[in-house]
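In order, the protein sequences belong to chains X and C.
Numbering of the first sequence is given in full-length UniProt numbering, commencing with residue 1 and proceeding in unit increments.
Numbering of the second sequence is given in full-length UniProt numbering, commencing with residue 1 and proceeding in unit increments.
Any given hint might turn out to be false.
[What the hints assert, rightly or not] Heads up, simulated DSS-like pairs for lysine-lysine below, C-alpha to C-alpha not over 30 Å straight-line:
(1) X:Lys155 to X:Lys69
(2) X:Lys39 to X:Lys49
(3) X:Lys134 to X:Lys155
(4) X:Lys151 to X:Lys134
(5) X:Lys49 to C:Lys124
(6) X:Lys129 to C:Lys130
(7) C:Lys130 to X:Lys155
(8) X:Lys69 to C:Lys124
(9) C:Lys176 to X:Lys69
(10) X:Lys49 to X:Lys114
(11) X:Lys49 to X:Lys134
(12) X:Lys168 to C:Lys86
(13) C:Lys131 to X:Lys39
(14) X:Lys129 to X:Lys164
(15) X:Lys39 to C:Lys124
(16) X:Lys39 to C:Lys109
(17) C:Lys131 to X:Lys114
(18) X:Lys114 to X:Lys134
(19) C:Lys124 to X:Lys168
(20) C:Lys130 to X:Lys114
(21) C:Lys198 to X:Lys114
(22) X:Lys168 to X:Lys49
Bear in mind the hints are in silico, worked out from the structure with no lab data behind them.
Here is what each chain is made of, one letter per residue.
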Amino acid sequence: MAASLRHSTLFTTVCRQLNSTLWLNVGGRSIHSSAVCCKNRAARIRVGKGDRPVTYEQALHPHQIAHRKGWLSQHTSNLQGEDGAADRTVEDLFIRRLIYGTFHGCLADELVIKRRGNLLVICALMLQKLPPHKYYFLVGYTEELLSHFYKCPVKMEIQMLEEKSVYKYL
Amino acid sequence: MTASMRIASVRLLSKTRHYFSSEVAVQPGARTVHHQPASTRNVCLIPVAFLHKGRAYGTQSSSVTVTEEPDLLFQKLSVLVKSHDKAVLDSYEFFATLAAKELGLTLAKVFEPPKNIERLTLLKSVHIFKKHRVQYEMRTHYRCIEISRITGSTSRVYLEYIQRNLPEGVAMEVTKTAIEKVPDHIQMPLWSVQSQEKQGSQ
Chain X
1 MAASLRHSTL
11 FTTVCRQLNS
21 TLWLNVGGRS
31 IHSSAVCCKN
41 RAARIRVGKG
51 DRPVTYEQAL
61 HPHQIAHRKG
71 WLSQHTSNLQ
81 GEDGAADRTV
91 EDLFIRRLIY
101 GTFHGCLADE
111 LVIKRRGNLL
121 VICALMLQKL
131 PPHKYYFLVG
141 YTEELLSHFY
151 KCPVKMEIQM
161 LEEKSVYKYL
Chain C
1 MTASMRIASV
11 RLLSKTRHYF
21 SSEVAVQPGA
31 RTVHHQPAST
41 RNVCLIPVAF
51 LHKGRAYGTQ
61 SSSVTVTEEP
71 DLLFQKLSVL
81 VKSHDKAVLD
91 SYEFFATLAA
101 KELGLTLAKV
111 FEPPKNIERL
121 TLLKSVHIFK
131 KHRVQYEMRT
141 HYRCIEISRI
151 TGSTSRVYLE
161 YIQRNLPEGV
171 AMEVTKTAIE
181 KVPDHIQMPL
191 WSVQSQEKQG
201 SQ
């Protein structure tokens with residue numbers, strides 16, 4: 001008698017629980033509350049209306065580096081057993097800001113900075129906004145300035161584009 | 001323009017050959033360092049890889065010196081290259097092994113040590129939100145080329161060629177194992193010398 005009673009109560013509780021779970025899953029609405037920074041927002045352009053042109057570099061997210069993207073700054077200080085990472089990073093940031101300001105509105109895409117031994121090579125894609133002699137002057141000016149500042153040979157290699165190369169519209 | 005392009009490529013060829021043998025006749029006028037005027041820099045028709053822009057790379061042609069002291073001998077020359085990009089290492093390995101074969105060096109081993117991944121877990125937010133973190137990793141791929149039984153001068157030539165063409169973002173570590181002649185004072189073991197003296201005295 002007691003055993004059967006216990007079994008029946010167990011059965012009813014199990015049934016009630018099953019019912020409750022079923023009720024929650026089927027047509028259930030619940031509030032999902034989370035902290036604000038669950039999503040990653042670094043170096044990403046969010047999908048929008050579809051009218052914003054975006055280059056290949058901007059369209060791919062940072063987890064695609066070494067998969068579908070390359071590196072914008074190539075040096076050896078981030079390898080195992082090598083040092084000087086912080087110095088190289090600060091130099092890179094300075095160079096990017098300097099060139100963004102010097103060639104204001106003329107840059108088509110991000111700079112690529114390469115270091116071969118002591119030599120610093122800055123590769124840039126430019127739009128044809130200024131007459132060529134101005135480009136030659138600015139390139140020579142930045143090379144001289146940076147080589148005196150960083151005490152190493154600096155070379156700029158620029159390629160001209162008609163307009164920004166669009167990969168997709170987001 | 002085409003004439004200057006051809007001359008430029010010939011100059012590059014003679015420059016690399018000069019390192020390997022001094023008996024090859026150097027083309028007349030090829031000893032001068034390249035001096036491309038700035039105005040023609042961006043109007044080149046041939047790809048940049050074939051043009052040798054002389055300013056930062058320009059070196060004086062070194063003559064081969066003959067000295068009386070004997071050359072160093074290396075049992076093993078181990079070149080370890082590291083990079084973040086495996087494709088770059090593949091192509092560099094092809095280049096280095098080709099150069100070694102052209103020079104007639106014996107490639108003992110060309111292998112790929114396992115990669116090393118350094119991971120960091122940092123807080124995603126500036127102030128609070130301890131539960132939300134961001135993970136970064138830095139991968140270092142390796143490639144090792146071992147050359148056995150090489151002389152000092154050959155190793156200097158080979159290493160200089162290899163290092164001048166090292167791509168950006170690639171680091172190199174060179175380990176040399178030298179062979180030396182056994183010093184005279186330990187040629188014979190001490191106990192045999194003593195036994196010879198005893199026999200002599202007896």
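Hint numbers the structure violates, sorted upward? 6, 7, 9, 10, 11, 16, 17, 20, 21
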